[in-house]
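All chains, please: the whole structure from these sequences, using the hints.
Those letters in the sequence shown? Residues 247 to 461, per my numbering, in order.
Rather than coming from a laboratory, the hints here were simulated on the basis of the structure.
Since the model is a prediction, treat every value here as computed from it, not as a measurement.
All C-beta atoms in this analysis are idealised placements derived from N, C-alpha and C, irrespective of residue type, glycine included.
Honestly, I wouldn't trust all of these hints.
What the hints assert, rightly or not - Computed spacing ranges between beta-carbons, pair by pair:
(1) L359 <-> G296: 15 to 25 Å
(2) L428 <-> A300: 17 to 27 Å
(3) A370 <-> P417: 24 to 34 Å
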Amino acid sequence: MFRSRRRPVVFAQADHARLAGTLALAWRERPPVPFQPFVRGVADHDRGYGEHDADDIDTVESERWVEIQRRGFAPRGEDALVDLVVALHVRRLLSSQADEHERAAYAEVDALLPSLLDAAGVDAEAAAAADRITQFCDRIAFAFCFEDADEGDLHGIRYALDGLGAIELDPWPLGVLRLTGLVTGFEEGGYPSRLVPVVTPFEARPACQLAQSSA
Numbered sequence: 247m248f249r250s251r252r253r254p255v256v257f258a259q260a261d262h263a264r265l266a267g268t269l270a271l272a273w274r275e276r277p278p279v280p281f282q283p284f285v286r287g288v289a290d291h292d293r294g295y296g297e298h299d300a301d302d303i304d305t306v307e308s309e310r311w312v313e314i315q316r317r318g319f320a321p322r323g324e325d326a327l328v329d330l331v332v333a334l335h336v337r338r339l340l341s342s343q344a345d346e347h348e349r350a351a352y353a354e355v356d357a358l359l360p361s362l363l364d365a366a367g368v369d370a371e372a373a374a375a376a377d378r379i380t381q382f383c384d385r386i387a388f389a390f391c392f393e394d395a396d397e398g399d400l401h402g403i404r405y406a407l408d409g410l411g412a413i414e415l416d417p418w419p420l421g422v423l424r425l426t427g428l429v430t431g432f433e434e435g436g437y438p439s440r441l442v443p444v445v446t447p448f449e450a451r452p453a454c455q456l457a458q459s460s461a
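See the structure below:
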């Protein structure tokens, strides 16, 4: 889960992931893989956490975090491409191999990938293209859930978040003029045994000022 930096609200990993999936659904240049299961994979990329996790992203122990990632990349067999999208995401997270737990899990997911690629009927190049979109959508949704100003550049796209719901991107990668929606958080007190929803609007839009500053 994510703790807001500005108010007593938490966002579950599942709701963070659904925001990432919403961004992927609106992506203009679709990856060279079947699109609907790809979007489902992005929306489910943190499935190891379950629906209302209580594992604070800032403080979770490495061994516990790796256990969650293992649950995520374990194939579920419902859709091979969904399993592949999730496994690629988890392998990327584990690629730092920062300790013995991460190194062991990285070796496991890396060994699993050839069979997932084969089952999904996708080559490595197409999978990498899809994973770049997953990574970008995850990055934006990750930053959003802290409700703090953030900016950066990933895969040639600059982004800026104001911490209040606005997301600006340049160049604009989505196939709509702007994208609005809602992300569900929960009151921090009593979570997760007591679930009091806090509905948070977002608006993703072209970053005119970023474009002007880079001209």
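Verification of the hints:
1. Separated by about 24 Å at the C-beta atoms, L359 and G296 satisfy the suggested range of 15 to 25 Å.
2. L428 and A300 have their C-beta atoms about 22 Å apart, which keeps the hinted 17 to 27 Å range intact.
3. Between A370 and P417 the beta carbons are some 26 Å apart, a value that agrees with the proposed interval 24 to 34 Å.
Going through the hint list in order, the structure satisfies each hint without exception.
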